[in-house]
Each structure stands twice: as C-alpha cells, then as structure tokens.
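Residue numbers (the numbering used here), protein chains in the order written: chain A, 194 to 509; chain B, 690 to 877.
Simulated from the structure, these hints should not be mistaken for lab results.
Glycine residues also receive a C-beta, built at the ideal position from the N, C-alpha and C atoms.
Honestly, I wouldn't trust all of these hints.
Restricting the straight-line Cα-Cα distance to at most 30 Å, the calculated cross-link-like pairs of lysine-lysine (DSS-like) are [unchecked claim]:
| # | chain 1 | residue 1 | chain 2 | residue 2 |
| --- | --- | --- | --- | --- |
| 1 | A | LYS337 | A | LYS225 |
| 2 | A | LYS485 | B | LYS845 |
| 3 | A | LYS295 | B | LYS869 |
| 4 | B | LYS715 | A | LYS292 |
| 5 | A | LYS312 | A | LYS295 |
| 6 | A | LYS312 | B | LYS869 |
| 7 | A | LYS292 | B | LYS697 |
| 8 | A | LYS485 | A | LYS445 |
| 9 | A | LYS480 | B | LYS834 |
| 10 | B | LYS803 | A | LYS295 |
Derived coverage of chain B by chain A (criterion: at least 3 residues anywhere in the stretch with Cβ under 8 Å from a Cβ of chain A; other residues may be distant) [to be verified]:
| # | region |
| --- | --- |
| 11 | 727–736 |
| 12 | 761–769 |
| 13 | 784–790 |
| 14 | 793–801 |
| 15 | 821–834 |
| 16 | 837–848 |
| 17 | 854–860 |
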Amino acid sequence: MSQSTGHYGFYPGCSMGATARSYLQSTEAICKALGLTLKEVDDWNCCGASEYISMNSVAAYSLIARNLSLAAQEGHTDLVAPCNMCFLNLHKVDGYMEKYPKINQQVGRALAAGGLSYKAGSVHVRHLLDIVVEDVGIDAVTAKITRPLKGLRVAPYYGCLLTRPDSRYSPEYPTHLDDLLEALGATVVEFPLKTQCCGGHMTQIKEATAYDMIRRILQNAAEDQADAIVTICPMCQLNLDAFQPQVNGMFKTKFHLPVLYFTQMMGVAFGLSNKELGIGSEITSSKTAFRKIGQEEPEEQKSLKRDKNALPMPRL
Amino acid sequence: MPDNGAGKSFYERVAAATPGGDVLMKCLQCGTCGGSCPSGADMDSTPRQLFAMISAGMEDEVLSSNTPWYCVSCYYCTVRCPQEIPITMIMYTLKRMALARGHYHKDAHINWSKSFTNFVELNGRSFELGAMTLFGLHNPFAIVKQGGLGVQMITKGRMPPVPERIRNMPQLTAILNEAKRIAEEEEV
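Bound-form chain B, shown alone (with noise of 0.2 Å):
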C-alpha cells in the first residue's frame, strides 16, 4: 500500500522502513551496542544515544550525525542485542533518509557507495578499478595514498583492468527500474 507517510512521528518513519523495525520501542538503552561496535570510538553518538534521540524525535540531529556512516555493518550489535532489534539495518534505513533529503554528516561516503553502485547498474558485475577511479575523481588524494597497492594488485592479476558485463543487461535493468518506481511510492 502507498504510504508517504505523511502525519507519522520520526520514530514511526524509521521504524516503518525497517524490515522488523518495530522492535526499536523495546530499546533498554543497555548501551550493548555502543560497546559492542568496532567503530563505535568514531561515532558521534552510540546507536544506544541514537535510538533515544530518535524516540525523542530529535530527527535533524540524527539525520545530521556521523554515526551510520561509521557503522561497517557487520551486525554485531545487531546479534548481541537483547531486545533482538535490527540495529545495522536501522543504520542503512537513517542513511537512506539522510540521502532523501539531501543533507547528511560530511564524511557521508556517498562518493563511494554511488561509484560502486554505478558500475553495477551498468554492467550487472561489480568493478573495482572503475570504482576506485571514479571515487578518485571526488577524492583525488586517494588516488595517491593507495595508486601504488592498486599498481601491485594489478601486476599480481587481482584487479582486471576491464569490467565484467552480464549477457542479459536489459532484464536487470527492467528490475532495477520497477523496483526504484516501487521505491517511489514509498518516503523511504
């Protein structure tokens, strides 16, 4: 059913694009997550603090903070949680939202996401030197600090210099364009 979900709290939004997203309202504030979290000491708040700021409807701040950009997701939190709530998927559903609105924390690697995501869109196969060019060109430093691993990986046969194409490209491509429309019908 279309919902924009116009008239529905912060926390209903994020809970409702969540797949099992509902659980967050049983959130202890245990603070397992945070403590848990490899990467949690860059985080602006622990997803524990999040979760509080988003019952408390503090929707800026948390669409504003680093802290989904930091997660790695890799659903530790998300298995140690007691209240079994779908942290890392929470994380990428705050990201979506940030991007939807077009204003997110500065070490957002939106850059990343996009130029990985624009050779799968293409050619239906990832494409590593692609990316990583791509990414470069809004990253030029990059290019610099990991040009000579990416000269190494090359002479040892890791990373081909021309990308992969599945056969049947408009199939997926059909795919991929319903499922943005259905996307569509929906906030998130």
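Isolated chain A, as found in the complex (with noise of 0.2 Å):
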C-alpha cells in the first residue's frame, strides 16, 4: 500500500496550528531533509476529537468523512495524520463505512447533500510514524543523522488511539518508536506504560482524573531516569507537558520531564536548528535533557535572578 514516489496527502489537524505548531514546524523540517512531500488536503475540516460523536453519531461520522472525500477527490491513496484522535477518526470511518452498509448509506447520503462522496477504502489512513518507520525506513533515516542523541534517555510514548483499535501494532507495546529512536542514538527506557491514556480531554472536565493518569505516566517515566519523554500525537504533549506543573501541585511530586514530539528529536539529530524544530515553546524547559547531548539550548527569558554571590544592592 506504500507509496515509493515520497507524495502523500496530508490532514494536519487543528492543533498543528495552535499547541502543536511545533509538531507542524519540525515535521515540515524532516520532511525537506528526508525528501517527503505532504500535500495538504484543501479546506479540509475538524475530526470532531472525542466531543462530536457523543452528541450525534451520523453527524460526527459525515464531518470525518468530508476529509476523506475531499483527499480522494485529489486523487491520494494515502492520507496521512500526524495525530492519533485525527488517524482514529478518519481510520475508524473508513472501516465502518466499509464494514456497516447502513453508516455506508447515512454519510452516503449527507456527503450527497454537500456535493460530494466517498466510496469506503479508497484512501489508506496512516499516521505520520508509519510513514517514517515503513516507507522511509530506519536505515535512510540514520544516513541523515550528523548528531547523535547519545547520552540522552527517552521514554518512547505512543499515547492510545494509535495502536487501537484494529491496528496493526501491538496495543500494550508497540516498539517501531523505539527502534525509531535508538537508531537516532537516544537510549530507549523501558516504559511499560508507553500506551497508556494521557487523560484526553478530561483536564478540562474532571481534574483530579486527569492529573493522576498524567502522574502514573510522569513517574514510569522517570522511575527509569528518562530525561526525555518523546511523544506522537498533541493531545498527549499538551497534557503531560503543560499539565505537569499542576499535577506536581496536586500530588507534591517534583517532576520535570520535557515532552517533545518525534519529529523535533529526528530534526535534533539531523542537525537542525532549535527554531527550525519549534524547541523551546514547551511549557516544561527542554533544555536540561539537550544539555546532555551539548545541544545549543533554547532561547528562553533571561532571568532576572541576580547571582547569589552579587553585592546586595538595590535592584532598579
């Protein structure tokens, strides 16, 4: 099903635009370097995340499908989505309409009302790690690299929609992003809990929920002195990213674990500039794990901490 000619259809997402605009900006980066081309899918439009079908199913799947009409009116056989809600989605109703005739005929019909339809199965729906790992491959990747990640220990998480259902990766462990990132040099920890939910929108609804399944995921991680925990999917950064201050309020812990995406690892190890891959707008500084690998370290404020030794004058 792979293409070897490196063109693929792309639906970015919304949050690639907004907290994930560092996801967007380093796999644009890695993309030049490897020599993919992603063609945005036009005027493509929101999955729904996990809101829309709890309201109106025959709704939230006809909104998922007016992407997929709208990439195989283009003529892509593969669809790419560098988010693991937006691949679920757009994965999921696709094998539903190819599977349950009757959804088959309801988005069939509301797509009709728009002008447009989709026949079930004509677009591959994969996730932008697929595509690196099996189309690019591990070895072309590794001919790229001009920095090692040596020294520096990851914590490969998968997050869940991405290995289920019907995926065909291991749900409980996957390891095509280990393999991913020790060949970029990095030592990979064990992490038993690499696809357990980070809590999905529940931050928003129930704290004290979300903030401890973020927690167990923060302490795997760093029982195995990970300085890095290196994800696939933006709901998983923002939530143990810019969450993790809060969750160290709630339960008294002293996590600091920078989260940052795949794509911003490949591009450090390819040489790449710290603002070419968007590092430095975590909300948890990265710049104690790049340290390690003598990477040039984010711009971030000054602080206007004096030193210790200073004289104790006044401070203007």
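Put the two chains together into one complex; each comes in its own frame, and the hints tell you how they fit.
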C-alpha cells in the first residue's frame, strides 16, 4: 500500500496550527530533509475529536467523511495524519463505512447533500510515524544523522489511539518508535505505560481524574531515569507537558520531564536548529535534557534573579 | 430503514445503536474491561457491571450512571475484550441516550462537548481558546484555575486568539444538517 514516490495527502488537524505548532514546524523540517512531500488536503475540516460523537453519531461520521472525500477527490491514496485522535477518527470511519452498510448509506446521503461522495477503502489512512518507519525506513533516517542523541535517555510514548483498535501494531507494547529513537542514538528506557491514555479531554472536565493519569505516566518515565518523553500526538504532548506543574502541585511531586515530538528528536539528530524545530515552546523546559547531548540551548527569557554572590545592591 | 425503537428492550436498543454492538450479548462478565480502564476507579460501575445492568433492563440506573462520562475513550477495554465487544463505542451510545432523554449524571461533561462542537459547526475547525472561554461561562472556576496556563500558552504562541474557518462552510453545514435529519429518523 505504501507509495514509493514520497507524495502523500496530508491532514494536519486543528492542533497543528495551535497547541502543536512545533509539531508542524518539525514535521515540515524533517520532511524537507528526507525528501518527503506532504500535500495538505484543501479546505479540510476538524475531525470532531471525542466530542462530536458524544452528541450525534451520524453527524460525527459525516464530518470526518468529508475529509476522506476531499482527499480521494485530490487523488490521494495515502492520507497522513500526525495526530492520534485524527488518525483514529479518519481510520475508524473509513472502516465503518466499509463494514456497516447502514453507516455507509447514511454517511453517503449526508455527503451527497454537500455534493460529495466517498467510496470506503479508497483512501489509506496512516500515521506520520508509520510513514517514517515503514516507507522512509530506519536506514534512510540513519543516513541523515549528523548529531546522534548519544547519552540521552528517552521514554517512547505512543499514547493510546495509534495502536487501538484494528491496528497492525501491538496495542500493549509497540516498538516502532523505540526502534526509531534507538537509531537516532538515544537510549530508550523500559516504559510499560507507553500506550496508557494521557487523560484526553479530562483535564478540562475532571482534573483529579486527569492529573492522576498524567502522574502515573510521568512517574513511570521518571522511574527509569528518562531525561525526556518523546511523543507522537498533540493531545499527549499538551497534557504531559502543560499540566506537569499542576500535577506536581496536586501530588507534591517534583517531575521535570520535557515532552518532545519524535519529529523534533529527528530534527535535532539531523543537525537542524531549535528554531526550525519549534524547540523552546514547551511549558516544561527541555534545556537540561538537551544540555546532555551538547545541543545549543533553547532561547528562554533571561532570569531576573541575581547571582548568589552578588553584592546586596537594590535592583532597579 | 427508519427505526423508532418501539417495542425493543433497552438492551436491544443499545446494541442496535452501536456499530457491531450485537456482540454485547456475548459478554462473559470477566471484568477485563474494568481492570484495564485507566479511569475505572472513578466510575460508579465498571463497564462489566454496567453490561449486567443493561441485560437486566436497568435503563434508568445505567443512563444516570457516571460511567460513560468517565470513559476517556482510549479503547484499552475494546482491544483487550476477549469477546471483541466495542466497549468504547457502547459508552458513546450511552452518552447519546442519556442526552436524548435529557437526564444524566451531574458529572456529564456535556457543556465541554457542546462548547467544542459549537466552534466546529460554526467554523469547520476547532478553536481551543473559544471553547475554553465558552465552557468557562458554565464553570467560572475552571478559568480561575487554568487561566494562568492559558496566558503561558498564548505567550508561547500555542493558543491563537482568533479561530480559523474553512472556505466551504455552506457545504459542511449542508452535510451536517442532512446528517442530523438522518439521525432524527432513528431514536438515538
């Protein structure tokens, strides 16, 4: 099913323009380095995340199917989603339309109201990680490395939705991200909770539930002395990174684990600059982690704190 | 075929409204679902218990349970179920059934789903800052607690202040309206 031409339809998803801007920047940077062409599907719409389907299933499937239809219309056979949620939704609806005639007929009717149609199975929905590992291949990635991530301990975090359900990878203990990170020169730690859920939308709804789920994952990575968690999903990155201070507050813990995208790690190993890769936009700073591999430090606001040994002069 | 669910048991209606839901009858009551669930500790009943209640026709108890609303939709139960029951999708069905009857658990996060969906229907794209603000109208406490993080996200360039909009909104609206009409022909 894979394409040898290196051309793919691209469904970025809403997060890539917002909370996950650094994921988009680093994806563009590594695609350029690897000679991959991702062509954004024109006028794509939101996949509805896990919200729309709680309210109306036919509308939720139809919302998703519009994207499949547009991608097929543009002639794409492979559609790449970098976000686990988008990937699951697109992949699921394509599968449902193929498997359940009633859903196929209902969604077909809804699409027709907008002058569109979609034949189930005509677009192969794939995650960006899959393209890098399967189509580009570890060898081609290794050939681009100029600065191996030697000495950096990383916890490979897949999150839940990439490997479930109906996935070709193990839902319990997938290893393709492990292989990629190892090839980049990093030390991959044992990480039994690598496919545990980050809590998804629960941070907005029930903090105590969400923060405990985040705490377990951070703790599991910290137990194996990981310097960083490497993720493949905007929601996972947001929850583990941005809510880390809140988790520390709630559980009186002292986690400091930067959460970076696999594309950023690839970019660093390829010798690209922090700016190109959007490194520095994390809430939990990645400075200490990157210092270990002699990577230039991300720009941060200069501290206003004075030197410990400075004279006790008043500050203006 | 239009199906108003009349004369069907609660169990049959849940199964019919879920893709592949007919295998619910094969539940072994093994409890793998509840044991795998990362948020199970906060649920009134584990999925296993809920399925026994569905079989027993305890419609009111099931639809007012907090269980579906604590489902984080990670599909761990689904991939581990030895009978391949689409458990996560059943949780979505129960949410929709509870909403349709207008009576649900107090922890239902329907205002979050509505705030999020509102922007999707308006612009074709989600809009985090807007959804959080709209949700905040129902939960002012959330703004107080998460406002600081919001400011950080904005300064890091991770939360754009204005929503994005797709060009062909009339097409998307026509599709969604038709989908809603189709959904109304069914009960759930």
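Verification of the hints:
A threshold of 30 Å between alpha carbons decides the hint, and for A/LYS337 with A/LYS225 the separation of about 12 Å falls inside it, so the pair holds. For the given pair, A/LYS485 sits about 24 Å from B/LYS845 by alpha-carbon distance, which is consistent with the 30 Å threshold. Distance restraint check for A/LYS295 and B/LYS869: the Cα-Cα separation of roughly 15 Å lies within the 30 Å cut-off, and the hinted pair is therefore satisfied. The hinted pair formed by B/LYS715 and A/LYS292 meets the criterion: a straight-line CA distance of about 20 Å does not exceed 30 Å.
Distance hint between A/LYS312 and A/LYS295 is fulfilled; the C-alpha atoms sit about 14 Å from each other, no more than 30 Å. Taking the CA atoms of A/LYS312 and B/LYS869, the gap is near 21 Å; set against the 30 Å cutoff, the hint holds. Restraint check for A/LYS292 and B/LYS697: the C-alpha separation of about 24 Å stays at or below 30 Å, so the hint holds. For the hint pairing A/LYS485 with A/LYS445, the CA-to-CA distance comes to about 27 Å; that is within 30 Å, so the pair holds.
For the hint pairing A/LYS480 with B/LYS834, the CA-to-CA distance comes to about 27 Å; that is within 30 Å, so the pair holds. For the given pair, B/LYS803 sits about 26 Å from A/LYS295 by alpha-carbon distance, which is consistent with the 30 Å threshold. Under the rule that three or more residues need a Cβ within less than 8 Å of chain A, the assignment of the region 727–736 of chain B holds, with 3 such residues. Three residues within the 8 Å Cβ limit are the bar, and the region 761–769 of chain B against chain A gives 8, so the coverage statement holds.
Remark: the region 784–790 of chain B is confirmed as covered by chain A, as 3 of its residues place a Cβ nearer than 8 Å to a Cβ of that chain, reaching the required three. Interface restraint, the region 793–801 of chain B with chain A: holds (4 residues with C-beta to C-beta distance below 8 Å; minimum three). A count of 4 residues in the region 821–834 of chain B with a Cβ less than 8 Å from any Cβ of chain A is obtained; the coverage claim is therefore met, three being the minimum. Requiring three or more residues with a Cβ within less than 8 Å of a Cβ of chain A, the coverage given for the region 837–848 of chain B holds, as 7 such residues are present.
Residues of the region 854–860 of chain B with a Cβ under 8 Å from some Cβ of chain A number 4, which satisfies the need for three, so the listed coverage holds.
Of the hints listed earlier, there is not a single one the structure fails to meet.
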